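Input sequences plus hints: build the corresponding full structure.
In this text, residue positions in the sequence shown follow the numbering used here: the first is 1, and each later residue adds one.
There's no promise every hint is true.
As the list claims (entries may be wrong) - Computed list of lysine to any residue pairs in SDA-like fashion (alpha-carbon distance at most 25 Å, straight line): (1) 11 with 159; (2) 198 with 72; (3) 94 with 10; (4) 126 with 41; (5) 159 with 73; (6) 126 with 186; (7) 23 with 41; (8) 23 with 137; (9) 23 with 1; (10) 6 with 198; (11) 201 with 80; (12) 22 with 182; (13) 169 with 73; (14) 200 with 158; (15) 23 with 165; (16) 169 with 105; (17) 198 with 86; (18) 201 with 81; (19) 132 with 99; (20) 200 with 1; (21) 169 with 67; (22) 132 with 82; (23) 169 with 146; (24) 94 with 158; (25) 159 with 177; (26) 132 with 200; (27) 22 with 200; (28) 23 with 164; (29) 159 with 149; (30) 159 with 74; (31) 200 with 38; (32) 4 with 23; (33) 23 with 154.
What the hints assert, rightly or not - Computed beta-carbon distance windows for the label pairs: (34) 15 with 122: 32 to 38 Å; (35) 4 with 152: 38 to 44 Å; (36) 119 with 23: 16 to 22 Å; (37) 131 with 10: 36 to 42 Å; (38) 164 with 197: 28 to 34 Å; (39) 104 with 197: 34 to 40 Å; (40) 137 with 183: 29 to 35 Å.
No lab work stands behind these hints, which were simulated from the structure alone.
As the structure is a prediction and not an experimental result, all values here were calculated from the model.
Backbone N, C-alpha and C define an ideal beta-carbon position, used for all residues, glycine too.
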Amino acid sequence: MFPKIKQVVDKIDLNDLTAERKKDLDILVEFVQTKQTAQAPILLNFICTHNSRRSQFAQIWAQVAADYYHIEASCFSGGVEVTAFNERAVASLKRFGFEIEQAGATNPVYTVEWANENTRLDMWSKLFDNEKNPTSNFAAIMTCSHADENCPFVAGCEKRIAVRYEDPKNYDDSPLETAFYDYRSFQIATEMFYVFSKIKK
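Okay, here's the thing in structure tokens:
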């Protein structure tokens, strides 16, 4: 793990999570543990409206947490609409120490790396049922209320789980923009590390 990201991970305090929030996250823990115990593929698809901020953060941090705890999970993300991986979210991840390269302009593909050994994700805005995402036996984790309420059916998902986050977009172009994007990213990191810390091998 790159040193700057490791410093971020070392600051995670799982005791900061409330009992109420853990109750929501424990539904995801149960899904992952069931798959782990059965030695079945662990497939997680994080879904929000535009697949531009929250679901991208969640996919990346969930994959980092899975790798950190040596759990073989595959994490994905998608939206109800296609836009682009928001440049403010990308900037936040860079501040946290991720190495990111961009290809393309309209809906760029960002290659995101967090360690030296085969740890990379290609990230771009796509629909939740994009051909790159799983089609069956996966958990659909709804990261925003709009997607949760306006996407009542996710084809192929085995379990639908609501883990909602406030949209950092609400702070775009404000003095709090940078701080709030980093806050949201760190919150999601903390919660994904909580999930994978609970998995028994």
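Hint compliance check: list the failing hint numbers for this structure, sorted ascending. Going through the list in order, the structure violates hints 1, 9, 11, 13, 17, 18, 21, 24, 25, 26, 32, 36 and 38 and respects the others.
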